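Residue numbers (the numbering used here), protein chains in the order written: chain A, 676 to 999; chain B, 2 to 667.
These are computed hints drawn from the structure, not numbers from a lab.
Just so you know, these numbers come straight off a predicted model, no measurement behind them.
We treat Cβ as the ideally placed atom computed from N, Cα and C, and that holds for glycine.
Wrong hints could be hidden among the right ones.
Straight-line C-alpha distance at most 20 Å; calculated EDC-like pairs for lysine to aspartate or glutamate [what the hints assert, rightly or not]:
id : chain 1 : residue 1 : chain 2 : residue 2
1  : B       : Lys548    : A       : Asp887
2  : B       : Lys460    : A       : Asp806
3  : B       : Lys370    : A       : Glu944
4  : B       : Lys269    : B       : Glu329
Quick list of the computed label-pair ranges, beta carbon to beta carbon [as the list claims (entries may be wrong)]:
id : chain 1 : residue 1 : chain 2 : residue 2 : range
5  : A       : Asp806    : B       : Val62     : 48 to 58 Å
6  : A       : Val826    : B       : Gly372    : 20 to 30 Å
7  : B       : Arg553    : A       : Ala824    : 22 to 32 Å
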Amino acid sequence: MMTVKETTTTTDKPGIRQMTPPHSRITRTPLVGDAAASAASDQPVVPQRDGGLLEAIARGEHVGTETHAAIGQHAAVLEVEKFNLWYAAKQALFDIGMSIPEGKVTAMIGPSGCGKSTLLRCVNRMNDLIDTVRIGGDMRLSGDSIYSAGVDVIELRKRMGMVFQKPNPFPMSIYENVVYPLRIDGVRDRRLLDEVCEHSLRGAALWEEAKDRLHESALSLSGGQQQRLCIARAIASEPEVLLLDEPCSALDPIATGKIEDLITELKGEYSVLIVTHNMQQAARISDNTAFMYLGRLLEYGPTVDMFTNPHLPETEDYVTGRFG
Amino acid sequence: MSSTTLAPIEKPKPNRAMRRRARPKSGALTLLAQGEPMIWLTGGALVLSVAMILALLALVVFNAMGTFWPDRLVEITTVDGRKLLGEVTRSESYVPAASAFESLPEEHREQAQAAVGEDGEARRRLLRTGNYELTNEHFNWVSDYEIADESLPDWAIIFERRAWGRFYGTPKTLLVDGQPTAEAPEDVWAQFSEHLPEIQERFERANAIREHDLGRLNAREEDARLALTEARLHHGAESAEYAEANAHLTVLTAELTEERTEFATEIKELEDENNRYAVVVTTASGQEQTIPLSTVVLAYPANQLTWSQQLGVYFARWREFLFDMPREANTEGGVFPAIWGTVVMTLIMSLAVVPFGVLAALYLKEYAKAGPVVSAIRIAINNLAGVPSIVFGVFGLGFFCYIIGGFIDGGPKHVGIDPWPSGTWFVAVGFLAACGTGAFLLGVYNLSVRKAEMTPLRKVASWGAIALWIAAVALLVLVVMHLPHFNGFYEARTADGNPTFGKGALVWASLTLALLTLPVVIVATEEALSAVPNSMREGSYACGASKWQTIRRIVLPRAMPGIMTGMILAMARGAGEVAPLMLVGAVKVAPDLPLDTTFPFVHPDRSFLHLGFHIYDVGFQSPNSEAAIPLVYTTTLLLIGIVATLNAFAVLLRARLRRRFVVGQF
Numbered sequence: 676m677m678t679v680k681e682t683t684t685t686t687d688k689p690g691i692r693q694m695t696p697p698h699s700r701i702t703r704t705p706l707v708g709d710a711a712a713s714a715a716s717d718q719p720v721v722p723q724r725d726g727g728l729l730e731a732i733a734r735g736e737h738v739g740t741e742t743h744a745a746i747g748q749h750a751a752v753l754e755v756e757k758f759n760l761w762y763a764a765k766q767a768l769f770d771i772g773m774s775i776p777e778g779k780v781t782a783m784i785g786p787s788g789c790g791k792s793t794l795l796r797c798v799n800r801m802n803d804l805i806d807t808v809r810i811g812g813d814m815r816l817s818g819d820s821i822y823s824a825g826v827d828v829i830e831l832r833k834r835m836g837m838v839f840q841k842p843n844p845f846p847m848s849i850y851e852n853v854v855y856p857l858r859i860d861g862v863r864d865r866r867l868l869d870e871v872c873e874h875s876l877r878g879a880a881l882w883e884e885a886k887d888r889l890h891e892s893a894l895s896l897s898g899g900q901q902q903r904l905c906i907a908r909a910i911a912s913e914p915e916v917l918l919l920d921e922p923c924s925a926l927d928p929i930a931t932g933k934i935e936d937l938i939t940e941l942k943g944e945y946s947v948l949i950v951t952h953n954m955q956q957a958a959r960i961s962d963n964t965a966f967m968y969l970g971r972l973l974e975y976g977p978t979v980d981m982f983t984n985p986h987l988p989e990t991e992d993y994v995t996g997r998f999g
Numbered sequence: 002m003s004s005t006t007l008a009p010i011e012k013p014k015p016n017r018a019m020r021r022r023a024r025p026k027s028g029a030l031t032l033l034a035q036g037e038p039m040i041w042l043t044g045g046a047l048v049l050s051v052a053m054i055l056a057l058l059a060l061v062v063f064n065a066m067g068t069f070w071p072d073r074l075v076e077i078t079t080v081d082g083r084k085l086l087g088e089v090t091r092s093e094s095y096v097p098a099a100s101a102f103e104s105l106p107e108e109h110r111e112q113a114q115a116a117v118g119e120d121g122e123a124r125r126r127l128l129r130t131g132n133y134e135l136t137n138e139h140f141n142w143v144s145d146y147e148i149a150d151e152s153l154p155d156w157a158i159i160f161e162r163r164a165w166g167r168f169y170g171t172p173k174t175l176l177v178d179g180q181p182t183a184e185a186p187e188d189v190w191a192q193f194s195e196h197l198p199e200i201q202e203r204f205e206r207a208n209a210i211r212e213h214d215l216g217r218l219n220a221r222e223e224d225a226r227l228a229l230t231e232a233r234l235h236h237g238a239e240s241a242e243y244a245e246a247n248a249h250l251t252v253l254t255a256e257l258t259e260e261r262t263e264f265a266t267e268i269k270e271l272e273d274e275n276n277r278y279a280v281v282v283t284t285a286s287g288q289e290q291t292i293p294l295s296t297v298v299l300a301y302p303a304n305q306l307t308w309s310q311q312l313g314v315y316f317a318r319w320r321e322f323l324f325d326m327p328r329e330a331n332t333e334g335g336v337f338p339a340i341w342g343t344v345v346m347t348l349i350m351s352l353a354v355v356p357f358g359v360l361a362a363l364y365l366k367e368y369a370k371a372g373p374v375v376s377a378i379r380i381a382i383n384n385l386a387g388v389p390s391i392v393f394g395v396f397g398l399g400f401f402c403y404i405i406g407g408f409i410d411g412g413p414k415h416v417g418i419d420p421w422p423s424g425t426w427f428v429a430v431g432f433l434a435a436c437g438t439g440a441f442l443l444g445v446y447n448l449s450v451r452k453a454e455m456t457p458l459r460k461v462a463s464w465g466a467i468a469l470w471i472a473a474v475a476l477l478v479l480v481v482m483h484l485p486h487f488n489g490f491y492e493a494r495t496a497d498g499n500p501t502f503g504k505g506a507l508v509w510a511s512l513t514l515a516l517l518t519l520p521v522v523i524v525a526t527e528e529a530l531s532a533v534p535n536s537m538r539e540g541s542y543a544c545g546a547s548k549w550q551t552i553r554r555i556v557l558p559r560a561m562p563g564i565m566t567g568m569i570l571a572m573a574r575g576a577g578e579v580a581p582l583m584l585v586g587a588v589k590v591a592p593d594l595p596l597d598t599t600f601p602f603v604h605p606d607r608s609f610l611h612l613g614f615h616i617y618d619v620g621f622q623s624p625n626s627e628a629a630i631p632l633v634y635t636t637t638l639l640l641i642g643i644v645a646t647l648n649a650f651a652v653l654l655r656a657r658l659r660r661r662f663v664v665g666q667f
C-alpha cells in the first residue's frame, strides 16, 4: 500500500482523493506502479503507461475530449456545453461537451462511477431533486437552454422521456400508466387517450401482449414487460429525446433482447441517449458512443470507429476489457 | 495495442490455516448453539402474552353472556323460620364466626356446626331477592347450614319493573278496576299475559306523545321565549319589539296550553286505561303487594320455562339492552344511547383527525427539508402520543368548551375579551391583508428555487415570507378574537344561562380525541409515505408531473393502506378512551341523542353517553352495585364488540384499497 501513498504525494494536489468517487474501483488501484502491489490488491489490472490520460486524470489535470469528425455532420437535438457538476464539494462531472444527433442512438459507456448516469439525469434536471447538487455550464434542447434561470422544469421534462434502471410502473392499470403524461396535462378526451395508449404500446412492442388486459394492474406484468411499459409511458408524450438509464440491467437476456430490438426500431423516430454497462449492447444498438472516465468525456465518435479504431489507447483498453 | 505492458498477475498465497484463530470449546456454548434454549424463552413470552389476552376475552365473554340468562327461582326456608325467594347469583366458601351459630335455634345448632365440617369452612350463596320497597334489600346471603328446606315453587314469578327493581312472588289475584277476576295462580298468570302486551303498547304510545308532540310544543315555546330575550337584549325592555315579542309569547302560551291539555287528556286516557289492571303478588314471607301492570317490563314464571322459553327471555333481554334507553340510574334497561354516542363520536373524530394528520405528515415527509427543526417537530409529535389522556381532557375543557364554545355562544365579551372599536378592527384587517399578500408574494418569488441558486436576497425573502406568515396567522387570531358587534350565535340562550357550545359537547369531545390520536395518524402516515419507493416519484417527475400531482396520483394512492392502518389505530384508541371524555361531554344521563329526526339532525352541541364512561358509571357509581356487576361485563363486551366492528370495517376498506393500488386486479 506504499504505492498509493506515493501516488497521492506525487500528484501535488492534496484534494485529489476526495475528488474521485470512493466506490470507484479504479481509485483503489494504484494507477502507476509496481506489479506486486497491483496484484496483491485483487483489483483488475490497469494499463501502465507513463504520460497517459488516466495518469493525467489522477493528477487532476484538465483532459480534453477526443471528438471524431463524423459527429458534427448531423443536426444535434441536444447540446452539452462545458458542463460541470458537484455533489456538495465533490466534483462529479468535468467540462463535458458533446452534441447528441437527432434521430440516432447515442450510447454512453464507462466504468462504474464515471458519471454517465449523473450526466443523463442532468439532461431532464432530475438532479434538481438532490439539494447538494451544483452545476456549471449549460445544455440546450433543440436550441432552448435547459439550465438558464427562469426555465420551467416541468415543461422541460415533458419534452423528454426517461426510463430507469429498474422498471417503475405506477400502481395503476396498464392503460393509466401509459397515458399518465397526458393525464397530468388534464387531457380527458377518451378518444385521444385511447389512441395515444395504443400508439405508445405498439411503439413499445407491448400492444399484442397487453391489449386484452389494459385495465389490469401494471404490476401484474413481468419485469421485461414492465420495462417496455415504462418505455411506452416515456414515448407517450412524443419526447424530443428519450433518456434510457441502463434499461436492461435488471432484466434477463430474453427481455434484454426485446428491449434492444425495440430501441433499434425507435431509432429514426426518436433521438435516444442510453447509458449502458454492457459494451456489446452499446456496439449492437448505438450509432454513436461516448466513453467517460472519472467524470470526464474522453472520446466520442461513431460506434463502429469507437470499437474498431478508437483514437485513444484508453478507449481501446476499455472496450477490449483490459480495465473497467 | 500490443505495446501495452500489463502488470504481471502474481498472487502471493498467504497461509490461511495459520491465520485462523483457535475455536473455543465450551459446553455452555454448545448447548446454546445446539439446544436453542432461546426458542423456549422467546416462544414462552409470546405464548404468555397471547394467553393473557385470551384469558381477558374469555373472562369478559363468559361473564357477559350469562348476565341475561333467566335463572331458576329458589325458595329457601331457614331453620329460624325465614323464607326467601330469589335467584342464586353466586356462591362462595367462608369461615363463619362462632357467634353466627348462637343466633340459630337451640335444636339446630349442633347439626349446623356438624355441617360446617372440620376446617370450619361453610358455603354460602347470594340470593337476589328483590322486593326492595318491602325489605330494603336487593340481595341476601344464605349459608348452607342454616337451610331447613329448599324448593323450586312452580308459580314463583319474576316481575321486572320500571322502578324499584325486580319483584319476586306468587300471583294471588288479578285486579281489574279493583275487582279480583282470577284467583288461582294459573288463571292469574294467563290473564296477566293476555293484558300485558296491550298495556305496554299503550304505555309506549303515551311516551311517544310526551316525547314528540309535547316536545314539539315545548320547542315552540322555547323559541318564542328566546325571541323575547333577544328583543330585550337588542332593543331594551321598553321597546315596541319587546312588547310585540311578549304579546306573541302570551298568545302562543295560551294556544300551547290548549294543545297541551289535549295531549294531556290523551295521555291520561291511556294511563287510566292502563291503571285499571293490577296484580296482587304474595311474597315468600307472606306479604302482599299490588303491582300495577303498567309498571311491568317483563315477567315470567322462572321455574316453568322450557329451554326454548328461557332462550326467548334471554334474547328479549339482549334486545332491550341493545335498543332501549337506560332506567334506574343506568343499572336497568338498555344502553342504546351509549352505543350511539360512542359510534358517532368515533366517526366524527376520524373525520377530523385523518385529513389533518395526513396533511401534516405529507408536509413533514414530502415537502420539509430534513434539518434540526423537522427532527425536533418529529420528536415532539412522538412525545405527544405519550401525554396522559386526561391532560387532553383538561385542554379540551379549557380551550374548546370554555374559550371556543363560549365565543360561539356569546361573542368576545362572553369570554372576557374587549372587542376592538370598529376603526381599530378595520385597520387590523388591513394589516392582515397586507401581511398575507406579502407572505404569498415572497413565497411565490422563492417557489421551486434550488438551494444552489439561493442568493442572499432570496434568503432574506424566504425568511421574510415565514415571518409574514406567522404575523398573518397571529393577526387573524387577534382579528377574530376582537370582532366588534358580535355577540355570539346563541346570544339569547346564553343570556338565559343556557350555554350551547360553551359546555361539554359531542363536537368538543370528538375534537379533543382527534388531538389525542393525531400523533398516531401522523406517525403511521409518515411510515406509509416512506414505504413508497423513490423510483415511483422519480418516474412521475420524469413524466413532467409537478410535486403535488406526484403526491396525489402516485404517492397517496400507494400509501393509502398504510394511512388506513393509522386511522384504525386512532379509532381503536379513541373509541376506548374515557378519562378526557368525562371532562368534555360524556354524561350519565342524556335525554336526547346527538343524532335524531329534528332539524339539523346532527346536534354536535349535545352531551352524549359513552360506553366506556357508562361502564365506570354502572360499576362504581350505582346504588345497587351487586346487580350492576354483570352489566359491567356485558357493557365491556359491547365496547369491545363496537371497537372490533369499527376496525373490521376499516380493515376491509384497507384490504380493498391494497388490492387496488398495490397489486392485482382492478
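Evaluated hints:
1. Pair hint B:Lys548 plus A:Asp887 does not hold up; C-alpha atoms about 33 Å apart against a cutoff of 20 Å.
2. Between B:Lys460 and A:Asp806 the CA atoms are separated by roughly 15 Å; this keeps the pair inside 20 Å, and the hint holds.
3. Between the alpha carbons of B:Lys370 and A:Glu944 the distance comes to roughly 41 Å, so the proposed pair goes past 20 Å and is violated.
4. Of the pairs offered as hints, the one joining B:Lys269 and B:Glu329 is violated, with about 24 Å between alpha carbons and a cut-off of 20 Å exceeded.
5. For the hinted restraint 48 to 58 Å between A:Asp806 and B:Val62, the CB-CB distance of approximately 56 Å keeps it satisfied.
6. Between A:Val826 and B:Gly372 the C-beta distance comes to about 27 Å, which sits within the given range of 20 to 30 Å.
7. The hinted range of 22 to 32 Å is satisfied by B:Arg553 and A:Ala824, whose Cβ atoms lie roughly 28 Å apart.
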